[in-house]
Amino acid sequence: MAVVDIVDERTIKIKVTMDDALSMVRESSRQLDEYAAEIVTIYEKMPEFQYIYFCFYAYDSARLFEQMLGIDPKLYTSFSLDAPDAFFFTLYGGMAGLYEEAKRRIS
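Here the numbering used here is used: the first residue of the sequence shown is 39, the next is one more, and so on.
Because the hints were derived from the structure by calculation, they are not lab data.
Source: prediction; values computed, not measured.
We put the CB at the ideal spot given by N, CA and C, even for glycine.
Watch out, some of these pointers could steer you wrong.
[What the hints assert, rightly or not] As a list, the in silico DSSO-like pairs of lysine-lysine whose alpha-carbon atoms are at most 30 Å apart:
1) Lys141 x Lys112
2) Lys112 x Lys83
3) Lys51 x Lys83
4) Lys53 x Lys83
5) Lys51 x Lys112
6) Lys141 x Lys83
7) Lys53 x Lys112
[What the hints assert, rightly or not] Beta-carbon label-pair distances, calculated as ranges:
8) Ile144 x Cys93: 16 to 26 Å
9) Ile44 x Glu82: 27 to 37 Å
10) Thr49 x Glu138: 18 to 28 Å
11) Ser145 x Ser116: 32 to 42 Å
12) Asp98 x Leu70: 25 to 35 Å
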């Protein structure tokens, strides 16, 4: 489970694990219509970030991330993400598996 440490009224630190990525993949597969655009965006854009530096907010693809966290990081002016490479690789692999169906659903 993701750990969200509220440093002060403006700053949070988020720590996620590979299990959090699996949770995001499971949720997106259960709600494919709702998250189809995010699945496509994550899959297509992660390579530009060398897979491990991906920013969910760079392409407005953070709803799934925020759902997993249970909070809205945009309520804070500063947040950091501590995530192992396995988090990003697992997320990308899951999005790759859902990509074709997600793309069909947004076409």
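Hint check results:
no.: 1; hint: Lys141 x Lys112; result: holds (27 Å)
no.: 2; hint: Lys112 x Lys83; result: holds (21 Å)
no.: 3; hint: Lys51 x Lys83; result: holds (24 Å)
no.: 4; hint: Lys53 x Lys83; result: holds (22 Å)
no.: 5; hint: Lys51 x Lys112; result: holds (13 Å)
no.: 6; hint: Lys141 x Lys83; result: holds (14 Å)
no.: 7; hint: Lys53 x Lys112; result: holds (16 Å)
no.: 8; hint: Ile144 x Cys93: 16 to 26 Å; result: holds (21 Å)
no.: 9; hint: Ile44 x Glu82: 27 to 37 Å; result: holds (33 Å)
no.: 10; hint: Thr49 x Glu138: 18 to 28 Å; result: violated (39 Å)
no.: 11; hint: Ser145 x Ser116: 32 to 42 Å; result: holds (38 Å)
no.: 12; hint: Asp98 x Leu70: 25 to 35 Å; result: violated (18 Å)
Violated hints for the displayed structure, listed by number in ascending order: 10, 12.
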